Amino acid sequence: MNFQSPRITLDGATYNGTAYFEKTAASTDNSSGNNIFNQQTTIANSGPGDFRHGVSALDTYNADLIIANSGAGAIAMARNTAGNIFNGNIQVNSTAGNGVSFGTGNGTSTLAAGRTIAIGVSGFSTGILELRNFTQTGATPQNLTLTGTALLQVGTNSTFNGNVTFVSPQVLLQGCSYMAPHTSRRMATATTPALATTSSTTLPPS
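Oh and the sequence shown: position 87 is 87 in this note's numbering, straight run, nothing missing.
Hints may be right or wrong, so weigh each one.
Said to hold, decoys possible - Label-pair restraints from in silico Cβ distances: (1) 11 / 181: 34 to 44 Å; (2) 6 / 57: 15 to 25 Å; (3) 174 / 112: 16 to 26 Å; (4) 180 / 6: 41 to 51 Å.
Note that these hints are calculated values from the structure, not bench results. Quick caveat: nothing in here was measured; it's all calculated off a predicted structure. Think of the CB as a built atom: it goes at the ideal place given N, C-alpha and C, for glycine as much as any other residue.
The whole structure should be built from the sequences, with the hints applied where relevant.
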């Protein structure tokens, strides 16, 4: 199915086929949650408003998820509720606006073992990629390379159990636990000064 609309809310449905949802208007749309996505799903925002998910109930993604922000707004996943589940790979893209976030309203997310969160084919050059209350299970390496003027913000209360490599023009690490070696590198540009990297915590496996 392919849905493109000025306003979209996703509330308590099960999707057994591939699904594409694109919001285009200036309003902020709050999807309450309690959705199950069993095939590849794309969440897109090409408008100036925010597209929020998991506002009052958890969502479960059982296949790959593509998130693409190309408008002046933002996409917020797992916003307010605990227990959002990502059983497939996640691709994040932002070429305009305010970017993509997980858990900014104290929601929590779990990425299944053997899966990755990575930058998609459109890239992440604008806005903030924020991973808050985000837990990676398993030891699969994670690599995120942002470009342009983008900011990568990791934490608070996030955990990565595999090796991670973060590269971004701006990097902000706040209260994240790394259970394996990690590298965070900022890339200063002529037009955008890099943010100072804050402290992070590496905890060796017991």
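How the hints compare with the structure:
no. : hint                  : result
1   : 11 / 181: 34 to 44 Å  : 41 Å, holds
2   : 6 / 57: 15 to 25 Å    : 24 Å, holds
3   : 174 / 112: 16 to 26 Å : 24 Å, holds
4   : 180 / 6: 41 to 51 Å   : 44 Å, holds
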